[in-house]
Amino acid sequence: RVQPRILVLHAGADDPTQHLSLINAAFAAQKLQIVIDVVTFPPQPGPLLQQLAHLTRGIYYSADEQTRQGLSHYLLTCCLPDQHTRQFLRPPPQGALETRGLCAVTREYVDIGFACSVCLAVFSRPNLPMCPVCATRFTFTVQPSAGAAKKKLKKGPPPASAASAATPAARRTWPCRLL
1 RVQPRILVLH AGADDPTQHL SLINAAFAAQ KLQIVIDVVT FPPQPGPLLQ
51 QLAHLTRGIY YSADEQTRQG LSHYLLTCCL PDQHTRQFLR PPPQGALETR
101 GLCAVTREYV DIGFACSVCL AVFSRPNLPM CPVCATRFTF TVQPSAGAAK
151 KKLKKGPPPA SAASAATPAA RRTWPCRLL
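At position 34 of the sequence shown the residue is numbered 34 (the UniProt record's numbering), and the sequence of numbers has no breaks.
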(Lines of atoms letter the chains of each structure in order from A; the text may use other names.)
(Lines give C-alpha, C1' and ligand atoms only; values in the text may rest on other atoms or scores of the structure.)
Protein backbone atom coordinates (compact mmCIF):
# COMPACT_ATOMS: atom_id res chain seq x y z
CA ARG A 1 0.00 0.00 0.00
CA VAL A 2 1.28 3.44 -0.90
CA GLN A 3 1.71 5.73 2.09
CA PRO A 4 1.09 9.32 0.98
CA ARG A 5 3.30 12.01 2.48
CA ILE A 6 3.80 15.73 2.06
CA LEU A 7 6.98 17.74 2.61
CA VAL A 8 6.64 21.47 3.27
CA LEU A 9 9.73 23.68 2.93
CA HIS A 10 8.93 27.11 4.36
CA ALA A 11 11.21 30.17 4.36
CA GLY A 12 9.07 33.01 5.67
CA ALA A 13 6.74 34.15 8.41
CA ASP A 14 3.37 32.48 9.03
CA ASP A 15 0.44 34.11 7.27
CA PRO A 16 -2.36 34.49 9.86
CA THR A 17 -5.01 34.62 7.13
CA GLN A 18 -4.15 31.02 6.20
CA HIS A 19 -4.44 29.64 9.74
CA LEU A 20 -7.93 28.15 9.44
CA SER A 21 -7.22 26.70 5.99
CA LEU A 22 -4.03 24.99 7.15
CA ILE A 23 -5.62 23.57 10.30
CA ASN A 24 -8.51 22.21 8.21
CA ALA A 25 -5.95 20.70 5.81
CA ALA A 26 -4.15 19.13 8.78
CA PHE A 27 -7.35 17.48 10.02
CA ALA A 28 -8.14 16.23 6.50
CA ALA A 29 -4.61 14.81 6.18
CA GLN A 30 -4.93 13.25 9.62
CA LYS A 31 -8.18 11.54 8.63
CA LEU A 32 -6.60 10.21 5.42
CA GLN A 33 -3.44 9.15 7.33
CA ILE A 34 -1.20 11.48 5.32
CA VAL A 35 2.01 12.45 7.10
CA ILE A 36 3.14 16.06 6.67
CA ASP A 37 6.78 16.87 7.38
CA VAL A 38 7.79 20.52 7.74
CA VAL A 39 11.24 22.09 7.40
CA THR A 40 11.35 25.82 8.13
CA PHE A 41 14.17 28.26 7.65
CA PRO A 42 14.71 31.18 10.04
CA PRO A 43 14.31 34.04 10.79
CA GLN A 44 10.69 33.55 11.90
CA PRO A 45 9.36 30.01 12.14
CA GLY A 46 5.83 30.22 13.51
CA PRO A 47 3.68 27.79 15.48
CA LEU A 48 1.21 27.10 12.67
CA LEU A 49 3.40 24.72 10.68
CA GLN A 50 4.59 23.09 13.90
CA GLN A 51 0.95 22.30 14.74
CA LEU A 52 0.44 21.01 11.19
CA ALA A 53 3.30 18.51 11.51
CA HIS A 54 2.24 17.46 15.01
CA LEU A 55 -1.39 16.79 14.03
CA THR A 56 -0.33 14.53 11.15
CA ARG A 57 2.45 12.71 13.07
CA GLY A 58 5.10 14.29 10.88
CA ILE A 59 8.47 15.82 11.68
CA TYR A 60 8.89 19.55 12.30
CA TYR A 61 12.37 20.95 12.03
CA SER A 62 13.62 24.51 12.05
CA ALA A 63 16.84 24.38 10.02
CA ASP A 64 19.79 26.33 11.35
CA GLU A 65 22.86 27.44 9.39
CA GLN A 66 24.65 24.14 9.92
CA THR A 67 21.67 22.13 8.65
CA ARG A 68 21.35 24.30 5.55
CA GLN A 69 24.79 23.16 4.41
CA GLY A 70 23.76 19.51 4.65
CA LEU A 71 20.10 19.93 3.72
CA SER A 72 20.00 17.16 1.12
CA HIS A 73 21.46 14.68 3.62
CA TYR A 74 18.94 15.77 6.24
CA LEU A 75 15.99 15.43 3.85
CA LEU A 76 17.10 11.96 2.76
CA THR A 77 17.63 10.62 6.28
CA CYS A 78 14.77 12.29 8.15
CA CYS A 79 11.99 13.03 5.68
CA LEU A 80 12.32 10.23 3.12
CA PRO A 81 11.72 7.17 5.37
CA ASP A 82 8.12 5.99 5.76
CA GLN A 83 6.30 5.70 9.10
CA HIS A 84 7.36 2.07 9.63
CA THR A 85 11.05 2.85 9.06
CA ARG A 86 10.92 5.98 11.22
CA GLN A 87 10.25 3.94 14.33
CA PHE A 88 13.80 2.57 14.04
CA LEU A 89 15.41 5.98 13.43
CA ARG A 90 16.04 8.77 15.87
CA PRO A 91 14.15 11.88 14.71
CA PRO A 92 15.56 15.36 15.20
CA PRO A 93 14.57 17.06 18.46
CA GLN A 94 11.06 18.48 18.10
CA GLY A 95 11.20 21.08 20.86
CA ALA A 96 8.19 22.27 22.82
CA LEU A 97 4.92 22.20 20.91
CA GLU A 98 3.31 25.62 20.53
CA THR A 99 -0.45 25.14 20.95
CA ARG A 100 -1.80 28.64 21.29
CA GLY A 101 -4.84 29.44 19.17
CA LEU A 102 -5.10 32.31 16.72
CA CYS A 103 -7.83 34.89 17.38
CA ALA A 104 -10.11 35.03 14.32
CA VAL A 105 -10.60 38.80 14.79
CA THR A 106 -7.21 40.22 15.79
CA ARG A 107 -5.04 37.52 14.11
CA GLU A 108 -2.89 37.32 17.25
CA TYR A 109 -2.04 34.19 19.21
CA VAL A 110 -3.92 33.89 22.52
CA ASP A 111 -3.28 31.75 25.59
CA ILE A 112 -6.87 31.84 26.86
CA GLY A 113 -9.69 32.50 24.44
CA PHE A 114 -13.34 31.93 23.65
CA ALA A 115 -14.49 29.41 21.05
CA CYS A 116 -17.49 29.52 18.73
CA SER A 117 -19.75 26.57 19.53
CA VAL A 118 -20.39 25.92 15.83
CA CYS A 119 -17.09 26.31 13.93
CA LEU A 120 -14.68 26.34 16.92
CA ALA A 121 -13.04 29.61 15.84
CA VAL A 122 -11.10 31.19 18.71
CA PHE A 123 -11.60 34.77 19.91
CA SER A 124 -9.71 36.89 22.42
CA ARG A 125 -12.87 38.84 23.39
CA PRO A 126 -15.96 37.16 24.87
CA ASN A 127 -18.82 39.47 23.86
CA LEU A 128 -18.95 39.33 20.07
CA PRO A 129 -22.50 39.55 18.66
CA MET A 130 -21.74 37.00 15.95
CA CYS A 131 -18.95 34.75 14.74
CA PRO A 132 -16.96 36.42 11.94
CA VAL A 133 -16.05 33.00 10.51
CA CYS A 134 -19.42 31.20 10.26
CA ALA A 135 -21.83 34.14 10.97
CA THR A 136 -23.54 32.37 13.88
CA ARG A 137 -25.33 34.85 16.15
CA PHE A 138 -24.45 34.47 19.81
CA THR A 139 -26.84 34.83 22.71
CA PHE A 140 -25.42 35.41 26.13
CA THR A 141 -26.82 34.30 29.44
CA VAL A 142 -25.98 36.04 32.68
CA GLN A 143 -23.80 33.78 34.73
CA PRO A 144 -24.16 33.89 38.51
CA SER A 145 -21.37 35.54 40.44
CA ALA A 146 -18.84 33.41 42.27
CA GLY A 147 -20.46 34.16 45.65
CA ALA A 148 -24.02 33.29 44.59
CA ALA A 149 -25.62 30.28 46.21
CA LYS A 150 -26.12 27.28 43.96
CA LYS A 151 -29.61 25.87 43.54
CA LYS A 152 -30.09 22.24 44.37
CA LEU A 153 -30.94 20.21 41.27
CA LYS A 154 -34.16 18.20 41.45
CA LYS A 155 -34.10 14.70 40.10
CA GLY A 156 -36.83 13.50 37.80
CA PRO A 157 -38.42 14.57 34.53
CA PRO A 158 -39.09 18.25 33.85
CA PRO A 159 -42.68 19.50 34.19
CA ALA A 160 -44.87 19.06 31.10
CA SER A 161 -45.20 22.82 30.59
CA ALA A 162 -41.41 23.24 30.50
CA ALA A 163 -40.98 20.45 27.96
CA SER A 164 -43.54 21.93 25.57
CA ALA A 165 -42.02 25.42 25.81
CA ALA A 166 -38.48 24.21 25.22
CA THR A 167 -36.59 26.05 22.52
CA PRO A 168 -33.42 25.03 20.72
CA ALA A 169 -30.28 25.59 22.74
CA ALA A 170 -28.82 29.06 22.34
CA ARG A 171 -25.47 29.26 20.65
CA ARG A 172 -22.79 30.90 22.72
CA THR A 173 -19.07 31.22 23.00
CA TRP A 174 -17.37 28.96 25.50
CA PRO A 175 -14.29 29.99 27.41
CA CYS A 176 -11.49 27.55 26.76
CA ARG A 177 -7.90 27.18 27.84
CA LEU A 178 -5.64 26.45 24.92
CA LEU A 179 -3.03 23.94 26.00
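Be aware that a few hints might be false.
[What the hints assert, rightly or not] Pair ranges (Cβ atoms, derived):
1. 139 x 71: 46 to 56 Å
2. 91 x 125: 19 to 29 Å
3. 136 x 96: 29 to 39 Å
4. 129 x 21: 47 to 57 Å
If you are wondering where the hints come from, they were derived from the structure by calculation, not from laboratory data. Glycine included, each C-beta is placed from N, C-alpha and C at the ideal position.
Outcome of the hint check:
no. : hint                 : result
1   : 139 x 71: 46 to 56 Å : holds, 53 Å
2   : 91 x 125: 19 to 29 Å : violated, 39 Å
3   : 136 x 96: 29 to 39 Å : holds, 34 Å
4   : 129 x 21: 47 to 57 Å : violated, 25 Å
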